[in-house]
Structure formats: structure tokens, C-alpha cells
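These protein sequence lines are chains A and B, in that order.
Per this note's numbering, numbering of the first sequence is gapless, rising by one per residue and ending at 314.
Per this note's numbering, numbering of the second sequence is gapless, rising by one per residue and ending at 681.
It is worth saying that the hints were derived from the structure and are not from the lab.
Don't take every hint at face value.
Simulated pairs of lysine-lysine, DSS-like, Cα-Cα distance not exceeding 27 Å [as the list claims (entries may be wrong)]:
hint, chain 1, residue 1, chain 2, residue 2
1, B, 637, A, 87
2, A, 277, A, 201
3, B, 638, A, 87
4, B, 567, A, 87
5, A, 95, B, 337
6, B, 204, A, 39
7, A, 277, A, 157
Predicted model only: the values in this text are computed from it and were never measured.
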Amino acid sequence: MTSGGIKPHGIKRAVLAGLGGALALFGGSAMANPKPWQLNMTRGASEWSSVPYHLNNIALGVCVGIGILVFGAMFIAMFRFRKSRGAVAEKWTHNTMLEVVWTTVPVIILITLAYLATGGLTSFANTTGSQMTVKVTGYQWKWRYDYVDYKGKAIDHVGFMSKLDRLSDETRQLDSGMDPNAVQTDGENTYLLNVDKPLVVPVGTKIRFVITAGDVIHSWWVPALGWKMDAIPGIVNAAWTNIEKPGVYRGQCAELCGQDHGFMPIVVKAVPKAEFEQWLAQQEAANAPKPAAAAPATAQATTPAQGNQG
Amino acid sequence: MAHAATHDHHDHHGAPSNFFVRWCMSTNHKDIGTLYLVFALTMFFIGGSFAMVIRAELFKPGLQLVQPYFFNEMTTMHALVMIFGAVMPAFVGLGNWMIPLMIGAPDMALPRMNNLSFWIMPFAFALLLSTLFTAGGAPAGGWTMYPPLALQGGSVAQMVFAIHLMGISSIMGAINIIATILNMRAPGMDLLKMPVFVWSWLITAFLLIAVMPVLAGAVTMLLTDKYFGTSFFNAAGGGDPVLYQHIFWFFGHPEVYIMILPAFGIISEVIPTFARKPIFGYKAMVFAIASIAFLSFIVWAHHMFAVGLPLGAEVFFMYATMLIAVPTGVKVFNWVSTMWGGSMTFETPMLFAIAFVILFTIGGFSGLMLALAPADFQYHDTYFVVAHFHYVLVTGAVFAIISGTYYWLPKWTGRMYSEFWGKMHFWNSVIWVNVLFFPQHFLGLAGMPRRIPDYNVAFANFNMISSIGGFLFGASQLIFVGVVIHAVWGSKKKATDRVWEGAKGLEWTVPSPAPFHTFDVPPVINDDELAHGHVDH
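Can you build the whole structure from these sequences, using the hints too?
Shown next as C-alpha cells:
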């Protein structure tokens with residue numbers, strides 16, 4: 005199937021290198037977390053996350069190009085055709101040739117952009133062939149993660165709530181007197197971007213997320229994965245990722261969900277497969293004998309392997 | 145001109161001297177226009193003060209001033225007040241004042257309804273603003289009022305009733321404008337001889353009539369969900385929260401064009417005047433406005449790319465949205481071509497119009513970027529969106545309103561405003577508004593969600609710059625108030641009838657200030673005196 009995806013290969017790569025690469029200097033690539041003075045989107049760390057990144061750079065390049073032409077013409081006009089320089093107004097108010105050109109050229113540019121974007125959408129919509137499923141549920145104001153299956157095998161008893169870490173939570177209180185700059189994890193400032201229990205996932209695995217919410221609408225967004233998806237009560241949305249590099253990727257709820265909307269971070273910890281399998285086995289072992297005490301009794305949308313969890 | 149038979153001598157009387165009779169019971173389009181403009185300016189400052197609270201809290205990381213819930217009240221009220229209280233009434237005020245003058249009509253077609261549609265507004269906003277002092281607090285679920293969140297808050301009833309009142313007012317205003325334009329044009333003022341501003345308002349009025357009832361329906365469903373046990377949007381009762389978003393944005397997207405099409409009209413009057421050259425491609429301009437209005441009805445779901453739409457829907461709404469760039473581009477190219485080969489001067493209205501073209505186009509560029517659905521997965525609900533729509537609505541709609549105000553102010557007051565202070569206002573506005581909104585693009589791209597009261601320290605630099613820009617942009621608007629007050633009461637410099645050398649159109653044939661009653665006798669239309677010249681192509 006022909007799709008205009010922006011997965012760079014062949015000629016497309018050359019075009020992208022030209023258009024996108026020039027602009028990539030802007031933000032620096034492959035940054036997992038926001039940096040001070042960051043100017044551009046992150047390149048991301050997943051198989052798909054380069055799609056929005058390149059599309060963003062190409063579209064920005066097109067806009068800058070058109071902007072230079074249009075604003076340049078305006079500034080020339082403002083300089084040349086000013087009354088104080090003795091300019092006399094001309095009479096023409098029409099030019100068919102010009103009008104045809106400036107209608108068709110933008111259409112061609114738009115068709116090009118639409119082609120690239122359609123491919124990106126098509127690849128994003130394809131959640132088939134995933135090797136792992138994680139159910140994400142949004143609550144006011146925390147996330148719940150349930151591990152549904154891994155490599156075709158159902159997972160029991162692995163699920164937990166993930167909420168803002170204690171240090172950020174204390175610091176963010178009105179008049180707390182605490183310094184947001186002092187909230188550090190591994191030498192990096194994680195104020196409002198850290199949680200008590202991160203979502204642990206393996207790298208190099210196509211992970212399907214099923215996303216829903218328990219009370220109001222939230223939106224699950226980790227910029228390094230390249231997308232956000234609304235978590236809506238009564239609806240289960242699907243999305244996928246395949247993280248290429250191990251690392252800790254941070255994000256936040258992106259849909260206004262009440263007073264603590266700003267305090268609902270997301271942390272995805274991507275680890276090598278072996279390490280993940282070990283972690284998963286530990287979790288299963290720890291939770292299997294007794295019904296998970298930590299999990300509150302909340303109404304869950306039905307997912308097969310999830311029954312005895314809530 | 146056979147008109148004398150129906151001539152009513154009452155029409156020669158001036159304005160009533162009794163303040164209450166003149167301003168509260170007015171049926172005169174000029175007085176009602178003034179009322180709308182004063183109301184809009186008041187609301188602009190009230191909505192602006194909410195924005196100052198937002199920018200003050202975001203000045204640095206950590207919560208210093210307000211609780212998060214109050215922050216959400218501020219963002220919600222800022223939006224509702226600016227959209228329904230400032231921008232829309234300002235356009236209605238300009239339309240009320242100028243449409244009859246531009247088409248040679250003595251007044252609006254339905255003058256008593258005109259009075260009613262204005263006087264509803266202060267009550268609607270008293271109701272809306274009073275929620276800040278009620279026990280439940282003001283609406284805090286965003287101006288989009290998405291359920292289920294909006295239903296958690298207090299004040300749902302007050303908010304819904306206030307919106308109903310605003311909607312009734314808007315619909316009546318729109319009916320009045322359509323009736324006036326279609327029925328009250330002077331003989332010889334064919335539809336395709338009307339100024340672009342009048343065209344833009346005619347099309348906007350149809351948009352208003354089409355979509356305000358949709359908003360009314362959506363908020364009524366919220367009301368019954370909250371108080372009458374229905375489950376339109378409640379998943380537990382078989383409803384669908386996304387249904388609300390479809391209904392809301394079917395209103396909401398045309399609504400954003402309601403807030404920009406009249407601006408296109410104003411700019412299309414101002415640029416030809418100061419370029420001393422008729423508008424380039426008059427028919428293309430009118431057709432572009434109509435196309436944009438049509439397209440606005442089929443693109444609503446681009447606000448919902450992240451709700452999990454099926455692939456086909458995402459693709460359709462992406463293509464339809466991108467298509468809007470074509471007529472919008474045509475308009476920008478036509479404005480530039482109008483300047484090209486002209487004989488330009490740079491009085492304050494022209495400065496604001498030029499800033500409009502450049503900055504609105506920047507807002508259009510970010511709009512094109514947002515239209516690309518895969519990229520929108522990153523931009524959506526971030527400060528990139530905030531930057532985008534403020535470029536369109538502040539440096540777009542608001543700059544156009546300010547441009548139009550400076551342009552027609554001498555006609556309204558009979559006195560010239562201070563050009564020096566007008567330019568001070570312009571340069572301060574244009575510099576600080578960019579300091580305010582441009583860094584927000586970077587914040588959004590770096591990953592800062594919108595509507596959050598506090599943020600990671602990585603976002604601190606640009607937020608501080610943005611806040612400084614915000615305070616100074618806000619303060620700059622006080623100059624505007626000073627200029628207007630001076631022009632109304634203080635200025636010694638009389639305005640001529642044709643205030644601007646290059647001004648064409650019927651409004652410049654009446655004295656300055658425009659007398660209480662104009663066009664008792666229908667004017668004779670001289671094609672050379674129309675703003676866009678002969679339309680023969």
C-alpha cells in the first residue's frame with residue numbers, strides 16, 4: 005500500500021534531510037524531557053514519533069518560506085509605494101494570471117503536506133501486531149496502569165496507581181515556601197514531572213495502549229512517544245508505541261480535568277526486554293497470592309485479563 | 145429621487161436631551177453602536193484583568209497567588225468574557241454604526257429589536273460575572289464546557305442562562321443586520337457594489353443564525369444532564385461525552401470565523417484608503433469570505449483529533465481544514481496587492497491594519513500546522529494552540545477592531561484623535577503582544593500543556609517573558625482609552641467630512657460627526673466613489 009508516511013527512506017529521506025534537517029538545529033534532537041529555552045518539538049524516542057516531528061519541521065519550513073515571500077513583498081511595497089516618496093497610486097485592481105498562480109501553488113503545497121500527513125495517520129491507526137497491551141485509566145488526578153498481556157500471554161495482578169511524587173506535591177502547594185528548582189531526580193529537575201510509580205515498559209516492543217477514564221476526560225500525553233490520546237469515560241481508545249531507546253520519558257495530562265489538572269504527570273520508564281521481564285515476574289509474584297491490597301475498588305471498563313484486579 | 149412624499153419631519157430632530165431616553169431607550173443605530181462599543185471595551189478590560197491574574201500566576205514556577213481552582217475559573221471566564229463580551233459585541237457595534245452609513249440606509253431595519261439585543265448583554269454578563277461571588281464558584285471547566293468536568297462545577301445554571309441570553313442577543317442582532325443589508329440599501333447599491341465590510345457582516349450574520357442555536361442546544365443538554373436526570377453526555381447512563389464535543393464544535397468552529405470575518409471586512413476598508421488604491425480583486429475577496437464561511441461548517445472535528453476518531457474522519461477533517469488556507473491565502477495576497485503600486489501613508493488605522501495582515505498570517509501559519517493531524521497529536525492542548533488562537537484573535541480580531549475604531553473615530557466624534565498617542569498605542573501594542581504570545585509557541589512545542597497553573601522549571605524562562613509582555617500589552621491598552629476619551633471630549637482638531645484623503649464610500653459623504661439622522665434622502669450612488677471602484681471584471 006502506498007502511504008505517504010514520513011518514515012524516511014530513499015528520495016523522501018533526502019527531501020526530509022533538506023527541509024527538516026535545517027530546522028532540526030533549533031531544538032536539538034532526541035531530548036526526552038523539556039529543556040530550558042527549548043524551541044522545537046522533541047524528535048521523540050519511539051518508532052513513530054519522528055512523524056509529527058518531521059511534519060512539524062516541514063510545515064514550519066513551508067510557512068517560513070511563504071512568510072518570507074509575502075512579508076517581503078509587503079515590506080517592499082511599504083518602502084517603495086509610500087506617498088512621502090512621491091508614489092502615485094496606480095489604477096489596476098485585477099490580474100487574472102497572478103490570481104490563478106496564487107491559488108494553484110498553495111493547493112499543490114497543501115496536497116504535498118496532506119500526502120505526508122495521511123501516511124503518518126495511517127501508520128498511527130494501525131495497532132495490529134502488538135506484542136503487549138497496557139490499559140491506561142485516567143482519574144482525578146492520577147493514572148492507573150494495568151498490564152493486560154505480554155507476548156500473547158495474559159498478565160494477572162499487575163496494575164497500580166501512579167500519581168504526582170510527594171516532593172513535587174509538597175512544593176506545589178500555595179505558599180509552600182519550597183523551591184521548585186530543588187525538586188531533582190538523577191540530576192534533572194522533575195518538578196511536576198515525576199510520579200511515585202512510573203509505567204515500566206520494554207523497549208523494541210510494539211505496545212498497544214487502551215485508554216479510558218473513570219470520571220472526567222483526561223488526555224494521556226508523553227511527548228517522546230509522539231502523540232496524545234484522550235481518556236474518555238465510557239470509551240476505550242487505542243494507540244500504540246514502540247520505544248527505541250531505554251530511558252525515562254515524562255509527560256502530563258493534556259486535557260483540562262479539574263483543579264489538579266496541572267499536577268497529573270506521566271512517567272514512562274523504558275527498559276531492555278530482559279530487565280522488563282524480570283520486573284514483570286517480580287510484580288506478578290508479589291501480587292499473586294493476596295488480592296492486591298493497594299488497588300482500590302474502582303469500576304473498570306472490561307478488559308479480558310483484568311477481572312480479578314479491582 | 146422621489147422620496148419627499150414619505151418624508152417625516154421628526155427625522156430632523158436631533159438626539160433626545162434626556163440621558164435615560166437617549167441611551168437606554170435608543171432606537172438609533174449610531175447610539176446603539178456606541179453602546180455596544182463602550183460595553184465591549186469595558187468587557188475587554190474585565191476579561192483582560194482575568195488574563196493578568198493568569199499571567200501573574202504563571203510568572204514563575206510554583207504557586208504564588210491563587211489556588212488552582214481559581215486559576216481555572218480565571219481561564220474560563222477570561223475566554224467567555226473576551227469572546228462573547230468583547231470581540232463579538234465590538235463587531236456588532238461597528239456593524240451597527242457603519243452598515244447603515246455604508247449602504248445609505250437611515251437606520252437599521254428593526255430599530256426596536258436593536259435596542260433589545262443590546263440591553264440583553266449587560267444582564268447576561270452581570271449573571272455570568274456574578275458567579276465569581278457565588279458559593280459554587282465561577283465556571284472552571286474551560287470555555288468549551290466539556291462534560292463531565294463542566295457538570296462537576298457549580299454555577300452551571302447561571303452559565304447556561306447567560307449563554308442563552310448572549311445567543312438570543314446575537315441572533316437578534318444578526319437578523320437585524322441581514323434585514324438591513326438586504327432591504328435598506330440605497331437605490332443603486334447593488335449587492336456587488338457593497339463595501340467588503342458590509343459583505344463580511346452579511347455572511348457573518350448568517351453564520352450566527354446557523355450556529356448560535358446549536359450552542360444553545362448543547363448547553364441546554366448540559367443543563368438537563370446536571371439538573372433533570374438526563375444522560376446525553378453521561379456514559380453511565382448510555383450517553384457519550386464525545387457527542388457534546390461534536391455539537392459544541394459544530395458551533396465553535398464557525399464561531400471562530402464569526403470573530404474574524406468582520407475583521408477581514410474592516411481591513412479591506414482600511415488598506416485601500418491609506419494605499420489610495422481600490423481593493424485588489426473585490427469579487428475574489430467576497431468569494432473568499434463566503435468560501436471560508438462554508439468551509440467553517442465542515443471542519444469542526446479538527447478540534448478533536450485526539451479523541452480517538454476513526455481514520456477516515458481524521459483524514460476528512462484534516463483535508464477540509466487545510467483547504468481553508470486557500471481562500472485565506474487569497475485574501476492576504478489581495479491585501480498585499482492592494483498596497484503594491486499604491487501611494488501609502490501610515491496613520492494609526494493603517495499601522496494596525498498592516499500589523500493585522502502580518503500577525504494574522506502568522507496565526508494562519510500555525511493554524512495550517514495544527515491542521516496536520518499527526519503533528520496535532522503533539523500540538524493539541526498545548527501552549528502552541530494558545531499562541532495560535534491568540535495570534536488570530538488578538539493580533540487578528542482585536543487589532544482589526546482597534547484599526548476600525550481609529551479609522552472611523554473622527555467620523556463618530558467629529559474630532560481627530562491624537563496621532564502621536566495613537567502611534568504610541570500601536571507600537572506598544574505590536575511589540576508587547578509579540579513578546580506575550582510568540583514565546584508560547586516554544587512552550588507548546590517543548591511540551592507545556594495549556595490551562596495549567598504551574599509548570600516544570602524548564603518552562604520558566606519563556607513564561608516569564610510572556611508574562612512581562614502580557615502586563616505591558618495590557619497597560620498599553622490604557623493609552624487607547626486615553627486616546628478615545630481625548631477624541632470624544634478633549635480634542636480641538638475638527639475632522640472633515642472625508643476624514644482620510646483616500647477614503648471612499650458613502651460614510652465619508654455625511655458630515656463629521658455623523659448627524660443623529662443620516663440619509664433621510666437616499667443618496668445617489670456614484671461608482672467612482674465606492675471604496676472598491678468600478679466592479680466590472
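Right, here's what the structure says about each hint:
1. As the CA atoms of residue 637 of chain B and residue 87 of chain A are separated by approximately 23 Å, the hinted pair is consistent with the 27 Å bound.
2. A threshold of 27 Å between alpha carbons decides the hint, and for residue 277 of chain A with residue 201 of chain A the separation of about 19 Å falls inside it, so the pair holds.
3. With a C-alpha separation of about 23 Å, the suggested pair residue 638 of chain B and residue 87 of chain A falls inside the 27 Å cut-off, and the hint holds.
4. At roughly 18 Å between alpha-carbon atoms, residue 567 of chain B and residue 87 of chain A fall within 27 Å of each other, so this suggested pair holds.
5. The suggested pairing of residue 95 of chain A with residue 337 of chain B holds, with an alpha-carbon distance near 18 Å, which does not exceed 27 Å.
6. Note on residue 204 of chain B and residue 39 of chain A: the hinted pairing holds, with a Cα-Cα distance of about 16 Å set against a maximum of 27 Å.
7. Among the hinted pairs, residue 277 of chain A with residue 157 of chain A is consistent with the structure: their alpha-carbon atoms are about 15 Å apart, no more than 27 Å.
The structure fails none of the hints (numbered hints given earlier).
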